Amino acid sequence: MRVHADQVSIDLDGKRIVEKASLIAPSGAMIGIIGPNGSGKTTLIRALYRALKPAEGTVAVGNDDIWDTLSARGSAQRTAVVLQDDSPEFAFTVRETVEAGRVPHKKLFERSTAADDDIVDKALETAGVSALADRLLGSLSGGERQRVFVARALAQLTPVMVLDEPTNHLDIAAQVDLLGLLSSLPVTVITALHDLNLAAAYCDELYVMAHGRVIASGPVVDVLTPATIERVYGVRAHTGINPLTGRIAITFGGRTEPPSIPQPGKQHHDNDQNRAPTSERFPAHRLDRVEHRPGRLRFLH
Amino acid sequence: MVRSEFTATPRAPQRSQRHDRAPFSSAREFRLLVVILVVSLGVVSTLSIGIGTVPLSPGTVWSSVLAHLGVPDAAVSAAEDQIVWTVRLPRTLLAILVGAALAVAGTVIQAVVRNPLGDPYLIGIVPGAGLGAVIVIVLGAGAVGGLSITAAAFIGAMAAFIATFALGRQQGRWPAVRLVLAGVAVGYLISAFTYFLQTVATPGQLQRVLFWTLGSVSGATWEDLPILALVVAVGMVWLVGNGRRLNGLAGGADLAASLGLDVGRFQLQLMGLVALMTGAVVAVVGGIGFVGLMIPHLARLLVGADHRRVLVTSLLGGGIFLLLADIVARTLLPPTEIPIGIVTAAVGAPFFIWLLASLGKRESAS
Chain V
107 MRVHADQVSI DLDGKRIVEK ASLIAPSGAM IGIIGPNGSG KTTLIRALYR
157 ALKPAEGTVA VGNDDIWDTL SARGSAQRTA VVLQDDSPEF AFTVRETVEA
207 GRVPHKKLFE RSTAADDDIV DKALETAGVS ALADRLLGSL SGGERQRVFV
257 ARALAQLTPV MVLDEPTNHL DIAAQVDLLG LLSSLPVTVI TALHDLNLAA
307 AYCDELYVMA HGRVIASGPV VDVLTPATIE RVYGVRAHTG INPLTGRIAI
357 TFGGRTEPPS IPQPGKQHHD NDQNRAPTSE RFPAHRLDRV EHRPGRLRFL
407 H
Chain R
4 MVRSEFTATP RAPQRSQRHD RAPFSSAREF RLLVVILVVS LGVVSTLSIG
54 IGTVPLSPGT VWSSVLAHLG VPDAAVSAAE DQIVWTVRLP RTLLAILVGA
104 ALAVAGTVIQ AVVRNPLGDP YLIGIVPGAG LGAVIVIVLG AGAVGGLSIT
154 AAAFIGAMAA FIATFALGRQ QGRWPAVRLV LAGVAVGYLI SAFTYFLQTV
204 ATPGQLQRVL FWTLGSVSGA TWEDLPILAL VVAVGMVWLV GNGRRLNGLA
254 GGADLAASLG LDVGRFQLQL MGLVALMTGA VVAVVGGIGF VGLMIPHLAR
304 LLVGADHRRV LVTSLLGGGI FLLLADIVAR TLLPPTEIPI GIVTAAVGAP
354 FFIWLLASLG KRESAS
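Residue numbers (my numbering), protein chains in the order written: chain V, 107 to 407; chain R, 4 to 369.
These aren't lab readings, by the way, just hints derived from the structure by calculation. Bear in mind the structure is a predicted one, so any value in this text is a computation, not a measurement. All C-beta atoms, glycine included, are put in the ideal place defined by N, C-alpha and C. There's no promise every hint is true.
Claimed, not checked - Covered, in the sense of this in silico footprint (three residues per stretch, anywhere, with C-beta under 8 Å from a C-beta of chain R), are these stretches of chain V:
id, region
1, 127-134
2, 175-182
3, 206-212
4, 318-327
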């Protein structure tokens, strides 16, 4: 099912966090949202599943606006979510956690049926966590836990799945497992990702966010250019082809500008002077910082 | 597609198929537990009615009860019947209702504030009821327009709950930490007034305040019971029907929203119901601590975290526990009755120490 966020602006505590962001996820595609910390990825994602109502703009899943046309339940029957860290405070087992995915399909007082049990079994199996069904969520590794949350989203039987940095804190094997699983699903997947190489390897299209705006979008090869990465992250980048996957691989150099932390012992520079030329080598910056360390230590003593 | 090459087969789970389910968490085990608890409740109730200055045998107790339910039985004397029907049975039923209501309320509050320390004290309900009661005791009913202690305590509970919820609100919802902080702030503010009133109270009034604060079911009458039973029964049915959604809410507001819940409305319904239940109970019996805190934890140890099971277990467990506490309260130092809140605290605090110790063990084991 297609997801279309159109010119979405979102305010939190009176402050604009996302400004006129648009996103189209074609049915069945895997869409990545990348960008630095604080660029608005999580906020935009929260607007896709009715956790945050946009101040302006619309979000449609299928042909229906999730706020104007769909109910909370209707939206939950179309979009399932895997959040960054939503471990409950209580000792739920894996199976109980996945059963929560049935909530939007159940009316008040409606009991679980054999069909629900089958759906939960199937979700556990697809996510590869059947063997963990009777374990407590809190006793699992981070990778196992993320797969359980994916299983819960699967049990929701939705055509759309939205994820917020699902690979955080996972080792590389768990990251590869998880994204492999997601890309094999027949549903539309929209996921925020930090790791640009993983985004390049698994996503069909990428949206790049910076300062609350979508500043680039499209197929991976068009988006993940050294120029865009430098512009968004302030880090020098080189792109090539990953011989194992045939997808784009990115390697990183130093920052294209000095760190924004104030450097002791230096007078104020205006912005132009502060911005080091792109050609400047990374070690020069490190030397620059190391030189000033003793001064700071002396200050501390 | 190159993607398929990158899609390695998922790693097999490294640990063997161990389980750490709670002992009564499957459907069959849970039904067994419910039967055990219902039978225990019957046994403890019979004990509770039989124990006292005039001891009565279980046979006498049941004959008397059955006689009132329309089964004729001549074996009961009028005096015995009087003791059972007008004194001990209402007291026993009140203790069950109070324990059940407080335990269920604690379960819901812990789920809504996502905090294991959640109980009716934490969100201001009990302190609010306390202020209402203390105003009437110290300043007299005239100060609040002729209200009884019970009515004033109920209004106090509701007012404190409303203040807590007004303060804890943020963007149409009640974030867990904010709600807890609001409840604590309201609770302390109310306590300031309560303590101030106590400093101007006479020794006789202070004694009554103390007894109210520690709670008692000794004043039970048949008149108190129907309304309390109705509130608890209706509340319980609604809560069990919403058990699945409560599980969703325990994962946090955003997850609950993604599961199709109107989070703000659901939180308000849950807490409004809980405030009504505890407000009604506390207004009648005074402040009784630890039941709302301890029983839900005990229930989770038995049946796991699923609220559909925890709520039922808390209901029955809370009733049994408070009934036992009442038996201890009236038999420990005869003929004096000690306040029931002393008994619940004396049992509850060691339980928490044990819980801490066993939790520590479990964490180091995994």
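Right, here's what the structure says about each hint:
Remark: the region 127-134 of chain V is not confirmed as covered by chain R, as 0 of its residues place a Cβ nearer than 8 Å to a Cβ of that chain, below the required three. Counting residues of the region 175-182 of chain V whose CB lies closer than 8 Å to any CB of chain R gives 6, so the stated coverage by that chain holds, three being the minimum. Against chain R, the region 206-212 of chain V contributes 6 residues with a C-beta closer than 8 Å to a partner C-beta. That satisfies the three-residue criterion, and the hint holds. Given a C-beta distance limit of less than 8 Å, the hint that chain R covers the region 318-327 of chain V is violated, as 0 residues qualify and 3 are needed.
The earlier numbered hints that this structure contradicts are 1 and 4.
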